[in-house]
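Enquirer: Given chain A, work out where chain B should sit, using these hints.
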Amino acid sequence: MNVFALEFPPVSHLFEWPDIIFSDSLFAVNKTALIYLAAVLITSAIFLTAGRQRGSLVPVGVQHVAESGVNFVEESVVMETIGPEGKKYLPFLTTMFFFILFSNIFEVVPGIQFPANSRMAVPITLALVVWVIYNFVGVRAQGFGGYLKNSLFPPGVPKALYLIVTPIELVSTFVVRPFSLAIRLWANMVAGHLLLVTFAILTQTLWDNGYIGAVAPFSMLILMTGFEILVSVLQAFIFTILTAVYIGGSMHAEH
Amino acid sequence: MRRKGIRLSFSLLFAMAGLLFFAGPASASGESIGSCVVEKLEHIMEEGHHDDGHHDAEHLFHSLHAEEGATEEEKKAVKKNEDKLESCLEAPSPIIPELSEVIWGGGAFLILFVVMVKKGFPAVKAAMDARADKIREDLDAAEKAKTDAQSVHADYEARLADAKNEASRLIDEARGAADQVRSDLVAKAEADISEMKSRAASEIEASRQQAIADLRAEVAGIALGAAEKVVQSSLDEDAQRRLVDQYIDEVAGS
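Chains as they are written, first to last, in the working numbering: chain A, 51 to 305; chain B, 2 to 255.
Chain A with its partners taken away, still in its complex shape:
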């Protein structure tokens, strides 16, 4: 695609990766799949190594990373949204946080530079898992009727408004929620990747056309790389905290 003499690749070429092995099968492995596996390996390595260092009073290195993560999810996610009874979801939420974080962060890892969550696969899978979990929790905590009633007819709303509120709640809680959760993560990573690609291509083109012009887009590229690190962490946090909010909401009738 030629935009102002720029060689900009078709968008699909930025996100779709050729199969490396098992081509054209259900188990075709491409770069995205490898990044997911890398996220598993990194997270497991951190936690298993940290677990082995048990007993040291002052946490250092990997142990510190693992403990900060757990502590962060516990204090800033679970305690803020669900409360002490949400601690049993801590392993799930911690796993989700680290998995999404490491899938995202490859966006800025030199030589790899691709956020795996800019593919819809994991965001939608996790969002559907979350959907199942929070509905299950709601039914278990309040009973099927109670959960439906509290979700569709939120207490404290004037009766007449239920005409408007109930259809909105029905659609938003049971239909839109998993998709908004998935798309929020996916779209943020897509946008971030496009931004970085855009500035990289601009930099290269202007560099080829007399060096000086490349300074501005290159500065932006550096700035945006920093920004995308923030976004990677933030989106992992947002996905996790929204999951906790949904689970908390299903657990307590008053929400």
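Calculated directly from the structure, the hints in this document are not laboratory data.
Positions of the beta carbon are idealized from the N, C-alpha and C atoms, including for glycine.
Be careful, since some hints might not be right.
[To be verified] Straight-line Cα separation of at most 20 angstroms, SDA-like style, residue types lysine to any residue; simulated pairs:
(1) A/LYS199 <-> A/GLY299
(2) A/LYS138 <-> B/ILE112
(3) B/LYS120 <-> A/GLU124
(4) B/LYS41 <-> A/SER73
(5) B/LYS41 <-> A/HIS63
(6) A/LYS138 <-> B/PRO123
(7) A/LYS137 <-> B/MET129
[What the hints assert, rightly or not] From the derived model, a few chain B residues whose C-beta atoms are all more than 10 angstroms from chain A:
(8) LEU86
(9) ARG170
(10) ILE172
(11) ASP185
(12) ILE205
(13) GLN211
(14) VAL220
[What the hints assert, rightly or not] Some chain A residues flagged as far from chain B (calculated, every beta-carbon gap over 10 angstroms):
(15) GLU130
(16) LEU213
(17) HIS302
Expert: Same frame as chain A, now just chain B:
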């Protein structure tokens, strides 16, 4: 043991990183629209051979020339080839997840979740809880030690105060006793003095009386003798003595 674990995990990471570099950005989804069209054309050329020597590719090129006079079958073949070529321009919707990626991503998450729940998370959490417990215990112990120290201090203060009170009581007592002793001594001394004085006075008085009596007797003797000699008369002795005493009293009274 620990080092082994770290080395193992890092070697895994390096292997993974190598693999990712292998699938690096240079090979980004490889094909362009042009290469796709060429590939499809090759495909059409290869597969298009029919037994009758007739070739599908002809229909493709027919469509570039004229459509008039084409049979229904030819039109269909042209349409098929056109569709094949057009598929090169259609990018798959980026929002529809690819099934293989869902399988790998979902599987990866599942594996990670199992590893975390079974091993990673409990180990880390246990270490954190153990540390929290230890810190709590240490704080409790410190608090207890502080309370103990405070009670010991208070005890010490109390005892010190007692000792001070005792000391001042003793001093007061001693002072009182000393005062008592002094005043007793003074009183006794005074009593002794006054007794000695009165004894002395009575002794003096007795001596004086004795002296007076002695003197009187002496004087009376002398005076009697003298008077006898003077008057040469002998008054009876009692009358003489009475006269003399009278005389002395007169002398003493004057």
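Enquirer: Confirm or reject each hint.
Expert: Here is how each hint holds up against the structure:
{"no.": "1", "hint": "A/LYS199 <-> A/GLY299", "verdict": "holds (13 angstroms)"}
{"no.": "2", "hint": "A/LYS138 <-> B/ILE112", "verdict": "holds (19 angstroms)"}
{"no.": "3", "hint": "B/LYS120 <-> A/GLU124", "verdict": "holds (18 angstroms)"}
{"no.": "4", "hint": "B/LYS41 <-> A/SER73", "verdict": "holds (18 angstroms)"}
{"no.": "5", "hint": "B/LYS41 <-> A/HIS63", "verdict": "holds (18 angstroms)"}
{"no.": "6", "hint": "A/LYS138 <-> B/PRO123", "verdict": "holds (12 angstroms)"}
{"no.": "7", "hint": "A/LYS137 <-> B/MET129", "verdict": "holds (14 angstroms)"}
{"no.": "8", "hint": "LEU86", "verdict": "holds (16 angstroms)"}
{"no.": "9", "hint": "ARG170", "verdict": "holds (54 angstroms)"}
{"no.": "10", "hint": "ILE172", "verdict": "holds (56 angstroms)"}
{"no.": "11", "hint": "ASP185", "verdict": "holds (75 angstroms)"}
{"no.": "12", "hint": "ILE205", "verdict": "holds (104 angstroms)"}
{"no.": "13", "hint": "GLN211", "verdict": "holds (112 angstroms)"}
{"no.": "14", "hint": "VAL220", "verdict": "holds (124 angstroms)"}
{"no.": "15", "hint": "GLU130", "verdict": "holds (18 angstroms)"}
{"no.": "16", "hint": "LEU213", "verdict": "holds (33 angstroms)"}
{"no.": "17", "hint": "HIS302", "verdict": "holds (25 angstroms)"}
When the structure is compared with the earlier hints, no violation turns up for any of them.
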